[in-house]
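Colleague: Now for the letters of each chain:
Protein chains: 2
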Amino acid sequence: MTATQPELTASPGNGGVDAAVAAARRVIAALLHAGDGTPAEMTEIAGRLNAVADHLEEHAPAVADRLVDMWAGEGVTRHDPVTGPENAIAPPLHLVGLADGGIEGKVTLGMPYQGPPGCVHGGISALLLDHTLGVANHWAGESGMTGTLTLRYHRTTPLFEELTVTARQDSVEGRKIFTSGTISAGGQVCVSAEGIFVNKHLARPR
Amino acid sequence: MTATQPELTASPGNGGVDAAVAAARRVIAALLHAGDGTPAEMTEIAGRLNAVADHLEEHAPAVADRLVDMWAGEGVTRHDPVTGPENAIAPPLHLVGLADGGIEGKVTLGMPYQGPPGCVHGGISALLLDHTLGVANHWAGESGMTGTLTLRYHRTTPLFEELTVTARQDSVEGRKIFTSGTISAGGQVCVSAEGIFVNKHLARPR
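The listed protein sequences correspond, in order, to chains A and B. So that you can map any letter, position 114 of the first sequence is 114 in the UniProt record's numbering, and since no number is skipped, the others follow by simple counting. So that you can map any letter, position 169 of the second sequence is 169 in the UniProt record's numbering, and since no number is skipped, the others follow by simple counting.
Be a bit skeptical, because a hint or two may be false.
As the list claims (entries may be wrong) - Chain A side only, calculated, beta carbon under 7 Å to chain B, not exhaustive: (1) 79; (2) 130; (3) 180.
To be verified - Derived SDA-like pairs (lysine to any residue); straight-line CA-CA distance at most 25 Å: (4) A:176 - B:188; (5) B:106 - A:147; (6) B:200 - A:147; (7) B:200 - A:110; (8) B:176 - A:117; (9) B:200 - A:187; (10) A:200 - B:76; (11) B:200 - A:118; (12) A:200 - B:117; (13) A:106 - B:192; (14) A:200 - B:102; (15) B:200 - A:200; (16) A:200 - B:154; (17) B:176 - A:118; (18) A:200 - B:186; (19) A:200 - B:176; (20) A:176 - B:152; (21) B:200 - A:185; (22) A:200 - B:187; (23) A:200 - B:118.
Hints were generated in silico from the structure; no laboratory data involved. Computed from a predicted model, the values in this text were never measured in an experiment. Using N, Cα and C, we set each Cβ at its ideal position, and we do this for glycine too.
Construct the complete structure from the given sequences, taking the supplied hints into account.
Modeller: Shown next, in the form of structure tokens:
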């Protein structure tokens, strides 16, 4: 039944920059899992990563040009730190539209997203929810920028377990948009969020 | 006069895993700056990054052992996604204690932290503030886990400009801890946060 759910975020491809970014995510997690290592080993790893960065930086367009490029068109963005297949910081979270007007995504977070021992960082939950509420507004029709966001932490959010992130637009009053969402694990709500968004958009760079 | 400000977060070293993580941060940003590149180039970059991840994963301790290790001792953590020198997701933010009881850090965020065009993602501001409020509680003495966090977005927060992140513990009532903070750019508050923390700590893994 899920085959017809509209995709609200970019799907990572198997090649191109998306594949390199997926590999970079593995490096981020592996460095954290490795911990200290031996100094000689880590110096060698640093050298290999700096060589990759040197190569990419040499061939990268100017920042201003890249900003225009990444915001071109009207489709979903590919660079944000929550869903972006081109952003190695993003888990990434993949969101789909639900028939009831809400949206939903599943994600499992590893060690880079840790706050308390074995648990997701409260600020990472805030990041995921802020973004998901924003996407829920796009899906509902009226969208804008975050004005106020209130997060309630009901229980710890586990690492290494599948989380469900949901959001929906509750109401629109003039330029104010009221939106709410949750992060759940094993059917229990871990974090809930309520946002008031303002119907305002920054111009895309050109 | 700042030489005597106590450091509240781990300082990155010039070698070891910290140097490899600093290089990984360059890779994350460079991939985003590069955008699509050519398919052949990106396939080669993905191969080089996967080789680094393969090598690190082969030699990494078991996750349970690593969790015990990273939480050993009583000092500041080195792995969190905001200040951690071992976490490539962290900008990293470096926080110092102020004589008046508050804390402060300066940070400049690049493209991986983008939300609206050219601006910091609202959820990234939430991540930075949640963490900074927590560190302010440690600095003040009574600390705990986030119960409620309210963020107000006053104006957009710029990328590529130095931001000042501050926080202070305002009061303690029983087990409830009231803490607030801001992110400013050019002397103007962009985002403010108020948190209610609960004096409770998860046991460290052992």
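Colleague: Next step is simple, just say for each hint if it's right about the structure.
Modeller: Outcome of the hint check:
Below 7 Å, beta-carbon pairs count as interface contacts, and residue 79 (chain A) has one with chain B at about 6 Å; its hint therefore holds. Hint status for residue 130 (chain A): holds, given a least beta-carbon distance of 4 Å to chain B, under 7 Å. Given the 7 Å rule on beta carbons, the hint for residue 180 (chain A) is violated: about 14 Å separates it from the nearest Cβ of chain B. Proximity of residue 176 (chain A) to residue 188 (chain B) is assessed by CA-CA distance (about 24 Å); at most 25 Å being required, the pair is judged to hold.
Simply put, residue 106 (chain B) and residue 147 (chain A) have alpha-carbon atoms about 24 Å apart, close enough for the 25 Å limit, and the pair holds. With a C-alpha separation of about 30 Å, the suggested pairing of residue 200 (chain B) with residue 147 (chain A) is violated against the 25 Å cut-off. Between the alpha carbons of residue 200 (chain B) and residue 110 (chain A) the distance comes to roughly 23 Å, so the proposed pair stays at or under 25 Å and holds. The straight-line distance between the Cα atoms of residue 176 (chain B) and residue 117 (chain A) is roughly 21 Å, inside the 25 Å bound, and the hint therefore holds.
Distance check on the hinted pair: residue 200 (chain B) and residue 187 (chain A) sit about 24 Å apart at the alpha-carbon level, within 25 Å; holds. Straight-line distance between C-alpha atoms of residue 200 (chain A) and residue 76 (chain B) comes to about 40 Å, which puts the hinted pair past the 25 Å bound. Distance check on the hinted pair: residue 200 (chain B) and residue 118 (chain A) sit about 15 Å apart at the alpha-carbon level, within 25 Å; holds. For the hint linking residue 200 (chain A) to residue 117 (chain B), the alpha-carbon distance of about 13 Å falls within 25 Å, and the restraint holds.
Taken as a hint, the residue 106 (chain A) and residue 192 (chain B) pair is broken in the structure, with Cα atoms around 30 Å apart against an allowance of 25 Å. Proposed proximity of residue 200 (chain A) and residue 102 (chain B) is contradicted: the alpha carbons are some 34 Å apart, above 25 Å. The hinted pair formed by residue 200 (chain B) and residue 200 (chain A) fails the criterion: a straight-line CA distance of about 39 Å is larger than 25 Å. Pair hint residue 200 (chain A) plus residue 154 (chain B) holds up; C-alpha atoms about 13 Å apart against a cutoff of 25 Å.
Between residue 176 (chain B) and residue 118 (chain A) the alpha-carbon distance is near 23 Å, which keeps this suggested pair within the 25 Å criterion. With a C-alpha separation of about 23 Å, the suggested pair residue 200 (chain A) and residue 186 (chain B) falls inside the 25 Å cut-off, and the hint holds. Note on residue 200 (chain A) and residue 176 (chain B): the hinted pairing is violated, with a Cα-Cα distance of about 36 Å set against a maximum of 25 Å. For the suggested pair residue 176 (chain A) and residue 152 (chain B), the alpha carbons sit about 14 Å apart, so the restraint of at most 25 Å is met.
Of the pairs offered as hints, the one joining residue 200 (chain B) and residue 185 (chain A) holds, with about 21 Å between alpha carbons and a cut-off of 25 Å not exceeded. Among the hinted pairs, residue 200 (chain A) with residue 187 (chain B) is consistent with the structure: their alpha-carbon atoms are about 24 Å apart, no more than 25 Å. Between residue 200 (chain A) and residue 118 (chain B) the alpha-carbon distance is near 15 Å, which keeps this suggested pair within the 25 Å criterion.
Figure legend: structure checked against the earlier numbered hints; hints not met, in rising order: 3, 6, 10, 13, 14, 15 and 19.
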